[in-house]
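2 protein chains.
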Amino acid sequence: MGEGRRGGLRKRRFRHPAQVVATAFGSAIAVGTVLLLLPVCRTAENGASLLTALFTATSAVCVTGLTVVDTERYWSSTGHAVILALIQVGGFGLMTLGSLLALFVSRRLGLRTRLNAAAETKSVGLGDVRTVVRGVFAITVVVESVIAALLTGRLLVEGQPPGRALWLGVFHSVSAFNNAGFSLHGDSLVRYQSDGWILVPIAVAVIVGGLGFPVILELVKRTSPRRWSLHTKLTLTMTVGLLVVGTLFVTVSEWSNPDTVGTLGWPVKLLDGFFHAVMPRTAGFNAWDYADVTQETLLGTIILMFVGGGSASTAGGLKVTTFILLFFVIVAEVRGEPQVTAFDRRIEPRVIRQALTVALLGMAAVVGSTMLLTELTDFAIPQVLFEATSAFATVGLSTGLTPNMGVAGQLVLVVLMFIGRLGPITLVSALALRQHTRRYSLPEGAPIIG
Amino acid sequence: MGEGRRGGLRKRRFRHPAQVVATAFGSAIAVGTVLLLLPVCRTAENGASLLTALFTATSAVCVTGLTVVDTERYWSSTGHAVILALIQVGGFGLMTLGSLLALFVSRRLGLRTRLNAAAETKSVGLGDVRTVVRGVFAITVVVESVIAALLTGRLLVEGQPPGRALWLGVFHSVSAFNNAGFSLHGDSLVRYQSDGWILVPIAVAVIVGGLGFPVILELVKRTSPRRWSLHTKLTLTMTVGLLVVGTLFVTVSEWSNPDTVGTLGWPVKLLDGFFHAVMPRTAGFNAWDYADVTQETLLGTIILMFVGGGSASTAGGLKVTTFILLFFVIVAEVRGEPQVTAFDRRIEPRVIRQALTVALLGMAAVVGSTMLLTELTDFAIPQVLFEATSAFATVGLSTGLTPNMGVAGQLVLVVLMFIGRLGPITLVSALALRQHTRRYSLPEGAPIIG
Ligand SMILES: [K+]
Ligand SMILES: [K+]
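Residue numbers (our numbering), protein chains in the order written: chain A, 1 to 450; chain B, 1 to 450.
Misleading hints may appear alongside valid ones.
What the hints assert, rightly or not - Computed from the model, here is a short list of chain A residues facing chain B with C-beta under 8 Å:
no., residue
1, Leu230
2, Pro349
3, Thr357
4, Thr374
These are calculated hints, taken from the structure and not from any lab test. Source: prediction; values computed, not measured. Beta carbons: idealized from backbone N, C-alpha and C, even for Gly.
Given the sequences, and given the hints that come with them, work out the whole structure.
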C-alpha cells in the first residue's frame, strides 16, 4: 500500500510532459472548431454544424483525414486555408513534441541524447527545444516545397490555371508530408490513378514525413549507416520491409479486381499497389475506392494501418518500432537467447514491456470501439473495423461509412482520433517516467503457458 | 556464429519431449483415419472418403468438434464408438502429456515440482508418470460418470429407451469433459435450448475439463486457497473472470435477437448466455445456431475462442495463463513497477517473453489462415475468421462454413487444428528448454516506442 501511495505521488509529479501534449492538441482542436464554425468558412449561407466543425478540426489537427462532408464542396477557400493551417500545426506539433518527449524520457533515464552533445540535465533545455523546432521547421519547408513544386508542375502541364495549380500543389504537398490525407478533390486522388507524376511525389512526401524527425535528422547528419542509432535502423528496416511486403500483397490482391486496377496495364497495377501500400501508413489518400477492394486488401490494409509509421513523425498508428521489437522478442525466444537483441544492441525488458503495453492497449481500443460502433450502426464488422482502425491510427482511409455513422458514431470516431493520435506517444513517456524500484523482491512464480 | 551452432546442438538434444507429443497425436490421427475408412463405420454401403475420415479423425483426436458431415447420420454406431474412443484418447493424452511436459520443463529449469516431493532429477521419472496418469484417469472417470448419470437421467425422464439414453448420456459426457463438442444430434444441443438439466451438467463438465490437470489436482488436494500455486490462482481468476464477463456480454448481445433467444423468457436468456460463454472455451457445443447470432456475439465469441481454457487441460486456445500474464504486464507498466508481479509472485521476463511469443504467433496463424481461406473461398471475413479461430483453438463452433469449404479449405482446417492443438504446448516447452546464456553482454539500445 505504501508502494501504491508512492506511485501516486510520482504520478502527480511527472505527469507534466504528457499533459502538455494533450493540452496543446486539445486547444488546437478547440480553436480549429471555432474557426470552422465561422460562416466565412462555408460555401453555403449558414455556418457548419458544431459536430461537423468539431469532427473536421479534430481530423485536421490529428492529421487523420476522415471527413463527414465533401471537403471540396462543403468548405469555402477560407475553410480550406483553415484546414491546411490546422494540418500544418498538427503535423509540426507532432514532430516537435514527439521528439521533445522522447528526448525528455531518454534524459530522465540517464541515457546520452543523440540529438546534441550538451551536458545531461534533468529536463530538456532551451537549446534542445530550439534545435528540434529549427530542425523540424527546416525539414518541413524543404520537403513540402519540393513536393509542391513537382505537383504544381504536373497540374500546369495538365492545363490548370497557375493560381489554382499552385494552391492545389501546396495543399496536397502539405497534406501528404503531414500524413493528413485531406484532398480538395471529392474522389481524393482516384482521377490520378494512372498518373505517376502525382502519385509518386505524394508517396515520397508521405514516407519521409512518416519516418519521424529523429530518423530524418540522423539520415541528414550521418551518411554512414554504421553510425546510425538503433532507433533509426529499426525504423528504416521495418519501413522498407512493410513497403516491399505491402506493395506485393496489395498488388497481388487487386491484380484481377475489375473495380480497381483489374482492367489496367501492369505498370499501373504496380504503381497503384505501391501507392496503396504507402497510404495506409498513415496518409489516407486513395487512388481507388476502398469500397471496391477485395477482402484480402481490406484485411491487409487494416494491419498496415494499425502498425502505422515512425515515432515522432506525422504518421499515426502504434509505430513501426513497437512491432519490430515484438518481432525481435520472438526471434530471441526461438533462438533461445536470454536477452532480446537487435542490430547488436541489447533491448531491456522494460522497453519490451512498453511495446507490449502499447500494442495490447491499442488492440483493445480498436476492438472495443469496433464493438461499440457495430452496436451503434448497422454496418458489417470488416468495414467498421476498417473505419475504427483508420480513425485510431489517424489514417483517414474509408470505405464510405464515416459520413453515415450518425452523431454517436461520429463522436466515437472523434474520441478515437484523439486518443489514437496522442495515446501511444504520451502513454509511453508517462510509463517510462513513472518507473520506480521495489524495495523488496518477491519469490518467483512459474505458471504454465500455452 | 558459434552461438548459433551451440543453439543448434541444444535443439537436437532437447527437442525430444515436444516431438513425442507431436508423434503421439499424429499416430492417433493416422489410426483414427484408417478406422473411420472401414465401411463398418458408415451408415451407407461405401466407406467414407479419405478427406472425410482424415478431417473427422483429426477433429476427434484434437478434440475440436468441427465436422464436414452430419455425425449422427453419416457414421454408424460403430463409427460413433470410434469417434468417442478417439476423443477419449485425445483428451486423456492432452491432460497427461501436457502435465508431463510442464513437469519436465520445470525440472529442467531447476524448480521444485509441485506434484510430488520426489528428489529433483534431470528428467521426469516413472513415479511422476504414474502419478499423472493415475490422477488424470481418476478425475476423468469420476467427472464423466457423474455427468453421464445426470444426462442419462434427464433423457430417461424425456422418455428415451434406457439403452439409448445411456449411450447418449455417455457420449455427450465424454465429449463435454474432453472439450470435444461432438454431438449425436445434427443440431448439436439446439433442441435442449431451454433445458437446464442438459445444458448445466455439460457446461460443468466443460469447465472442469478446461481447468487442466495441475489445477484440478491442487483443488482436490489443497482446500485452502492460500496454499494454491500461482498457476492455479491465475487459471481460476481468469476462468471465473471470463465466465462472468462472457455471460454478461453474450446475454446482452443476444437479448433481443429473435433468431436465438429474443422471444424466450429471461431465465432461458440467462441460461443460454451462460452456456454460450462456456462453449467457446473450447467445447464447441451450441444450443443456438451461430449463423443467426448478432455481429457482437460473433466478435466476442472469436475472442473467447482465441483465449481458450487452462494449460494441460482438454481445452484448446492459447490458454488463460498466457493472456492474464500479458494483463499483469500492463498493470506493472501502468503502476511503474520494475518487475511484473501477480499474487505476490515475481514473473520473470523469460516467462513474459514466452507468453508474448505464443500470443503473437497464434495471432499470426489465425490472421494468416483467415487470409488464405478468404482467398480459397467466397465467404465473408467475419465468418472465415470465426471458422479459422474455431479450428485453431480447437473449439468446433461453426457458422456452417466448414462442410462447404472445398478440399483445399478443409485441408487448411486440418492443419490448423493440428498446429493449434499442439503448437502452444510444444512451442512453450521447446522454448523453455532451449534457453541458453550469452557469453558477452551488448550495449543497450533504446528505440522510441509509440
Ligand atoms: K492521415
Ligand atoms: K472443441
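Violations among the numbered hints: Hint check: nothing fails, all pass.
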